[in-house]
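A.B. asks: Protein sequences appear in the order of chains B and Z.
Sequential numbering from 1 applies to the first sequence in the numbering used here.
Sequential numbering from 1001 applies to the second sequence in the numbering used here.
Certain hints may be false.
Stated by the list, open to error - With a straight-line Cα cutoff of 20 Å, these simulated PhoX-like cross-link-like pairs (lysine-lysine) come out:
no.: 1; chain 1: Z; residue 1: Lys1129; chain 2: Z; residue 2: Lys1143
no.: 2; chain 1: Z; residue 1: Lys1413; chain 2: Z; residue 2: Lys1321
no.: 3; chain 1: B; residue 1: Lys241; chain 2: Z; residue 2: Lys1391
no.: 4; chain 1: Z; residue 1: Lys1143; chain 2: B; residue 2: Lys269
no.: 5; chain 1: Z; residue 1: Lys1411; chain 2: Z; residue 2: Lys1321
no.: 6; chain 1: B; residue 1: Lys272; chain 2: Z; residue 2: Lys1061
no.: 7; chain 1: Z; residue 1: Lys1047; chain 2: B; residue 2: Lys203
no.: 8; chain 1: B; residue 1: Lys241; chain 2: B; residue 2: Lys223
no.: 9; chain 1: B; residue 1: Lys269; chain 2: Z; residue 2: Lys1047
no.: 10; chain 1: B; residue 1: Lys269; chain 2: Z; residue 2: Lys1413
no.: 11; chain 1: Z; residue 1: Lys1047; chain 2: Z; residue 2: Lys1061
no.: 12; chain 1: Z; residue 1: Lys1061; chain 2: B; residue 2: Lys269
no.: 13; chain 1: Z; residue 1: Lys1061; chain 2: B; residue 2: Lys241
no.: 14; chain 1: Z; residue 1: Lys1047; chain 2: B; residue 2: Lys272
no.: 15; chain 1: B; residue 1: Lys272; chain 2: Z; residue 2: Lys1311
What the hints assert, rightly or not - In silico negatives: residues of chain B with every beta carbon more than 12 Å from chain Z:
no.: 16; residue: Gln6
no.: 17; residue: Gly7
no.: 18; residue: Glu36
no.: 19; residue: Glu124
For the record, the hints were derived by calculation from the structure and aren't laboratory data.
The beta carbon of each residue, even a glycine, is placed where N, CA and C say it ideally should be.
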Amino acid sequence: MRPEQQGIDVAVLVSVGRHPITGRARRADQDARGLELALGLERQLPGSRVSLLHAGPRAEESEAALRGYLGMAAGAGMSAGTGQETLTLLEQAEGSDAIPALAEHLAAAPPQLVITGARAERGEGSGLLPYALAERLGWPLVNGLAAVEAIENGVATLLQALPRGQRRRLKVRLPAIVSVDAAAPAARQSAFGPARRAEVEVKPAAADADREMAEWQLTPARKRPKRLKIVKATSARERFKAAAAKAESGGGQLLTDVTPEEGAEAILKLLKAEGVLR
Amino acid sequence: MSEIRRRDPRREWIARNRLHPEYASVLAEQGQGAASEWLGPHGVIRKNPRAIGFIGPNGIKRIDRSGAQQGGQAAGEARQAAQDSRRSVTIEAPAFLVAVVPELTGGRLSGHDKDLLGLARRLADADPKRPGAVLAVVFGEHKEESFGEAGIDRLLHLPGDAYAGFAPETRLAALSAVERELAPRHWLLPDSPLGGADLGRRLALRLGERPATGVWQIEADHEAPQGWCCTARGAAGSLDIQRPLPRVALALGECAEPVDETRHAAEPLTLSIEPPGILSRIEDLGQVAVDPAGVALAEAEFILSAGNGVKDWEGFHHAAKVLGATEGASRVAVDDGFMARDRQVGATGTWVTARVYLAVGISGAIQHLQGIQSCDKVVAINLDPGCDMVKRADLAVVGDSAAILTALVAKVKQQRGGQRDAA
């Protein structure tokens, strides 16, 4: 390993979030986790450059939310040496498709790693954006990132979060797109003063209206109906049993009068068949 | 032989007199041991009120007026018949295909997969004159045996190590091959973090479709291009989006009722052209050992749980460490101070979702059994063969828990040692 490691270019795609209760604009939770990951990477690999990128309309409320990300980066030395953090805002009209603008911007000056949240908190929120970018740019994509372990010679070693608290180690050739969800490290607080002082660099971007989405009906989510337990009983006795029965499996295997070794053997067989022993 | 029914008045007399010493043998000879009703010689229904009902566990006669049970023996057969009452359905020449890619957690169809297959059946069976077939694409090894019961007509199994682990690019290449060869009308995937959510989005973009994600309801709609419209969750679950159903849909759990009335053929299917091998840019280095004590109890995969019957606590903690299991406890063990409160399993503690739950010395209070309702496999080690936990368990070993755990630990260690030697 070389003592002086070269840093990499990291772009973090950020969006305007929505507070789940008040509905106000805020920094989106998953994107903030992505930025936290990028800032951790900066500490890991000195000389790395983190840039923030957002595509959307410019408005007072959304700008306040976007400055929340800039406040996180305070003191972390983003945009090397100038002491001021910047965010690139690709300005588009409301309701236009962000994917072409982002893809164009990324293709013009390709970073080595692009970090995004798994899904947006406003609009369609389908979680398609990282996949669409990966398909357009032809880069590999890893979802559900938990940590970046190392980056050496253009290959990143990543930890992917699996359900049930498990982790999987992956090796990906850069440039790559990674998306983070709730398993990534929690975002730090945002500092208000540096957030106010930071610059937002506005660039005009091509905007095609998302016509398909304009035809959809969007309503506030209603509560999903709770699934009822359907009892297909033909007789009163079965109905009564279904209503009153305790959980019984019946099909279980009962081993009595066995030595501890035989019992342990049977248990071991089941554990192996289920694949929970590692 | 003449057709005239001959009566034996003496036997009838004995059959009517339940105090007669030969009563039981005569009834058995007449084949009325269990039957309480029969057609008499004159075509009149005769009833034997004393043959009704059965002797309950306490030696008292119980009568079930619902008519489901006639005598003690018939009950088991009736239950067997009830289980086999699914209607067999074979679709020879399907009008179209509905492709489903189940996630197969742990090699079996999960509840989410079954709901999704129920949704696929709704799409396939919408027009009874031109039924479609449900095609399931299964990657790698699996342990599932009841694909037909879940509503699958055609099963495309792609075995091989190439699909194991995180191999989205290889799987995507295989699904693209399916698309080229079979061209299903609908693609349905589970919108779950393991597999479906990732693969479905990749597939949709490869096919150039804009998928519906987080779908939880579909309705027939004649104006939509596919004939269906769907309701999907958007914006982090705060919006309901009503839109026409696209070709690729990623559905949430409980999007439809699972299939429970029919049994389908699950005919194996093969691709004529093998999917091309792909040089993946993502290399899977395998799962990382995670400290099981750090995993939240509610989402742990394998739980070793202790109750009142555990006396050797050192041995128990050691066993959990060797087996790589997350520790749980019953309320008694927590109240007695042997385990921390956050390890308590049950209605007042944590509702667990483990795939394997190993209960050591837990008798199975109803609150505890509620807490382990959604566990797949329950193993019980207990001294009392009659306790509720043993009744609930898929495998129960009656014996001293400390000795059995010690033996289990020894076997696991021996096996691991052997593996290391081999490698």
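A.B. asks: Give me the numbers of the hints this structure contradicts, sorted from smallest to largest.
C.D. replies: Failing hints, ascending: 1, 6, 7, 8, 9, 12, 14, 15, 19.
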